[in-house]
Amino acid sequence: MKIYATYNIKGGVGKTTAAVNLAYLAAAEGKRTLLWDLDPQGAASFLFRVKPKVKGGGKALINGTKALDGAIKGTDFDDLDLLPADFTYRNMDLLLGGAAKHPTEKLARLLTPLAAEYDVVFLDCPPSISLVSENVLHAADILVVPLIPTTLSVRTLDQLSDFVSGFNGRQPQVLAFFSMVDRRKRLHLETIKTLISERPVVSPTIIPALSLIERMSVERAPVTAFAPRTAAARAYRDLWSQLTR
Amino acid sequence: MMPETQAFVLDGASDPLADVVAALGQAFTVIEERGTAGSGSRRRTWLDTFDWRLHVAGLALEHEQTRRGGRLILTTTAATASTTEQPVPGWQSSRPGPPADLPQGPVRDAITRLVAPRALLPAAKAVTVRTTLRLLNADGKTVARLLAERTTVTAAPSGPVSPAVLPPLVSIAEVRGYPAQARRAAALIARLPGARLASSGVFVAALAAAGHRPGEYTGKVSASITAQMPAAQAVATVLLDLLATLTVNVDGVIRDIDTEFLHDLRVSVRRTRAAIKLLGDVLPPEIATHYRAEFKWLGDLTTPVRDLDVHLLGHETLAASLTAAAPSDLEPLRDFLARRRAKEFRLLTRGLRSTRFRALTHDWDKALREVLDARPRGRRQPKASALAAERTARAYRVIVRRGGVITPQSAPESLHDLRKRCKELRYLLEFFAPLYEPPGYRKAVGDLKQLQDCLGEFQDSQVQREEIHDLAEQMLNERTRPPAATLLAMGELAARLAASQQRARDEFGLRFTRFAGPSGEQRLRALLEGQPR
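Line order of the protein sequences matches chains V and E.
Anchor point for the first sequence: position 41 equals 41 in our numbering, and the numbering is continuous, going up by one each time.
Anchor point for the second sequence: position 375 equals 375 in our numbering, and the numbering is continuous, going up by one each time.
Isolated chain E, as found in the complex:
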């Protein structure tokens, strides 16, 4: 069995290390160990993506910089902690970047797939000064080590913070073959007033000191609504949550940190538009009309860059799938896409810095808060639960009706339309998720998701195919025309997309029957009827 380390936080004591040394002196000779690798001062930066992908996967990534050099430390946060290390001399952790920017090594290999396409950002920064003391037995043999750490937090996800000193942390590190002595030392520390077992790592404590917690951002809808809430207030609460997600992503879009800031911002816009369309009648009428147009403008503003991002993100995979053409034949296409994106990105940032955008977010927030604060209008105002049941059932009926008449001969537009209706139902389920029993909710969303994936593949294949045709036209109109090999490779891509669209179409019947058939309907009814009234 590997030697273990037990850590304690010391609260309140004026000179905690002196108290610890005095307590350990009852059983051991305690001497300072100089010149060991772990002692001295080190700058620590914890890294994660904006949406905490590493944390969600049970990992913590730290960049440690000492006089001896820098290294990355990847730790699992599960009970059986394990650590992967990689020296990264000269690497700087202060600027966000994709994992591909890390030097090659085991840590990069372990996280790249998990993190991509997101960038790694500094989530917290701190300086830790560590002193190592040796606990000796009567023979003068080291039987355990005491590691005392003082950590000062200097930055959080939001940026630099005024330095916050964490309570001292002391750990007893077992020396192999001497477990009893380590237990004895830990017991002596545990008895000290103010000593408590460290329940979470320094990273979590550093975040907490700056008012943050790991996993605090998620792109999911997380509005705190209840079944008894007046419908208008519930809808305003959902919309405020969506606005918060939208707003928090703006900076990442403008700084172009990674493509997913824009993706999350767009999802918030789509959800907002769906909420206004499907639930906006419970809000004051003038609000719904005005903001429906404003959010359409915002959605349209963000579309060109996202479309190009989708092309660029999938480029490597598509290029690798070519059989007749070589992946390098598509290089001119990638260059063209990148140039187009740079141009469209300038228009996007101009829009996000405009007075119109600032007014939209500010006024929308104000209008929604007024709804929250308003007294209920008369007795006819429905409860959130009634609104959820009615609108969700209606959205479901629309899908059943429109999907039921789709045949293999139907125009692609009928499937596109059905996809939009499915998205609306999905959003409704997500908005009102707190009202449902989790198992029933998961089942209903699971059925719907399978249908959505099928429709998504159908439409995405078609859109991308059409876009490849358009791109070919545009490239031919450029001053330097693309090589014939590039156009041929694009032709092969278009053929592949057509085949994938056909597969999705063949699958549609099965997916739709599973969702709209008697068992699917029963599951949705059970969900809606099971919610608390």
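Bound-form chain V, shown alone:
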């Protein structure tokens, strides 16, 4: 079972759209795929038309009174399941902190039994640096980091790299990519050019800022599913093939 986490300290950078589309592409290849919507806002759950509700809330999942697989919902797509968000996930730090032993490894331990059922797991993470993030680093094999091409994104990437390299444990591989790119903006193009050439962890794949991607919230489906022949879908396919290379 390979675990990918879409993660960034910043919010609104395209984590959920990446997680939803990449998870769909994995499932379309026949890989048994699970997407865990860890963000209490529940955007990924909304996109798959699943109610952002877990019986017993995050507490029941974290302390083990409700098994993870009992909360899983099938999506409309073959081989793609979703573990929905719940508003109580906003207190996830407290819930994880309450674990008596190994509070930073709780998510990884919860996911272990799912290995028999899934080939791929995506964790769609809330924006922050917190105990949740530490748990995600412990669990994930690959950290997929969307970046908006601004000067600040350089700083974000540095912060994230420091966080991962200072992490005490098995460090996940990091793959950053530019998201919500507006090719008409010189700043975007310059930042992309510089970072791709200077930072090996930055992918040459670019996800453009397209209204079709925003339309996902109207269609409530991955753009790779409802408009598979478009530039947006192509970009996500390129990203997925780079992740699986």
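The hints are simulated quantities; they were obtained by calculation from the structure and are not laboratory data.
Small disclaimer: the values here were computed from a predicted structure and weren't measured.
Glycine included, each C-beta is placed from N, C-alpha and C at the ideal position.
Misleading hints may appear alongside valid ones.
[As the list claims (entries may be wrong)] Cβ-to-Cβ under 10 Å is the rule here; a few derived chain E residues that face chain V: (1) Glu33; (2) Arg134; (3) Asn137; (4) Asp139; (5) Gly140; (6) Lys141; (7) Thr142; (8) Val143; (9) Leu147; (10) Glu174; (11) Val175; (12) Arg176; (13) Gly177; (14) Tyr178.
Using the hints provided, position chain E relative to the given structure of chain V.
Okay, now just chain E, sitting in the frame of chain V:
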């Protein structure tokens, strides 16, 4: 818990799918799902051996062919169904073949040991057109799927049949995490007039539509006799059952589908000959005399090919057991056996296509039916139960008497003779099995079987050893002589068979005492006395 599927058969309705969609419309938005893997048309072939080995083991094997390619689907038919799948692109299921002919994969691995040495045959063929509909909740989320299937049966075990359309089948497939919605949908369908839960799979329904059922052939004796039946009628009923088994195997022998058609045919012949010998006196005298000779001819006709089959079937195992010689040393022997078999097989098929064979089966059937239809001859005609008790007890006494005088110094022929007598007793027990209480019957046969296995190993080892000597002689007389390594390997085989024969001989005393001692005798007496009068 894994999502479940609930299936319904829809009888009688003119447009059943429209009725189903209308009913489901009360709770869901129903839309068609296009382009999904399970939708569209597929050709289906169910496969099993002639004697239904997969069915008996609780399995069903299907080859499904769609535009996307072919796959094998192995399903357990138990309550907790599980499925193994294997893609088999380009593989054809229309011709019988051994499981070794299947492409490598999990399905082949799961069935090979179970099926061998039999071939897989198409048991039924059908074309299924499936439509998938999605049931949506108020958020537009798919919460269940409706799979509607229309199946047309095109072939049965006997071959192509005129197309028969099965009643439509609809199933509700649960989407994970939405069990209540699937239950609701199933309840809405269950309320429709003409809807009933599908009690068996499409395979069974397809067979039934063509007048067949799974497991319909078995090599066992299954004559419907009763204790009160006049003895002659009971014997004729048993013999007709044996004739039916014999006849149904002829085509498989001639087409050389697998070796077990000939085996079952030969068992029928042996049983028939034993029945004529041990029970034939209750039939009109001229019948017994004539057909005793005819069935001996048929038995002799089939012996050479079967002997060679036994050698060839056991070849791999024997070759693998060699220690001094290499398995490849025996290749010339296998080639020689295969050439001999091809020659003997031509003689066998000529015999089975002959007028003599056709007359034998036709006239024998006619003669036996005349016995069935004849009025009982006088009051002295015994009942089936009396005949069974008397002949079985007599056969048992013969074994006890002859086996009791066998010592370690006795000639091998005395053990061979005892084996034949044991076979006769076994056949008698099988012929009259419907008259006995099943637990007592199983015990009596169990005791006997152990003794038979021991005697069988003794004789088979000797026969095979002698045959290896004969084969070596014959190979030396061929134009190209076999390599010395082959003859040495055959020598090692002969030595192994001699050791196995000696082991069987050492075991005989124990097996015989268990069968013929006081407890064995008591079990048989209880069986015979317990039968209804």
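Against the structure, the hints:
1. Glu33: Result: holds, 9 Å to nearest chain V Cβ.
2. Arg134: Nearest chain V Cβ about 7 Å off; hint holds.
3. Asn137: Result: holds, 8 Å to nearest chain V Cβ.
4. Asp139: 5 Å, holds
5. Gly140: 6 Å, holds
6. Lys141: With Cβ-Cβ at 4 Å, under 10 Å, it holds.
7. Thr142: The hint holds - Thr142/E has a Cβ within 10 Å of chain V, the shortest such distance being about 4 Å.
8. Val143: 9 Å, holds
9. Leu147: Violated: closest Cβ of chain V sits about 13 Å from Leu147/E, beyond 10 Å.
10. Glu174: Cβ of Glu174/E sits 8 Å from chain V, so the hint holds.
11. Val175: Because about 4 Å separates Val175/E from the closest Cβ in chain V, which is inside the 10 Å limit, the hint holds.
12. Arg176: Given a least distance of 4 Å, the restraint on Arg176/E holds.
13. Gly177: 3 Å, holds
14. Tyr178: It holds, given that the least Cβ distance between Tyr178/E and chain V is near 7 Å, below 10 Å.
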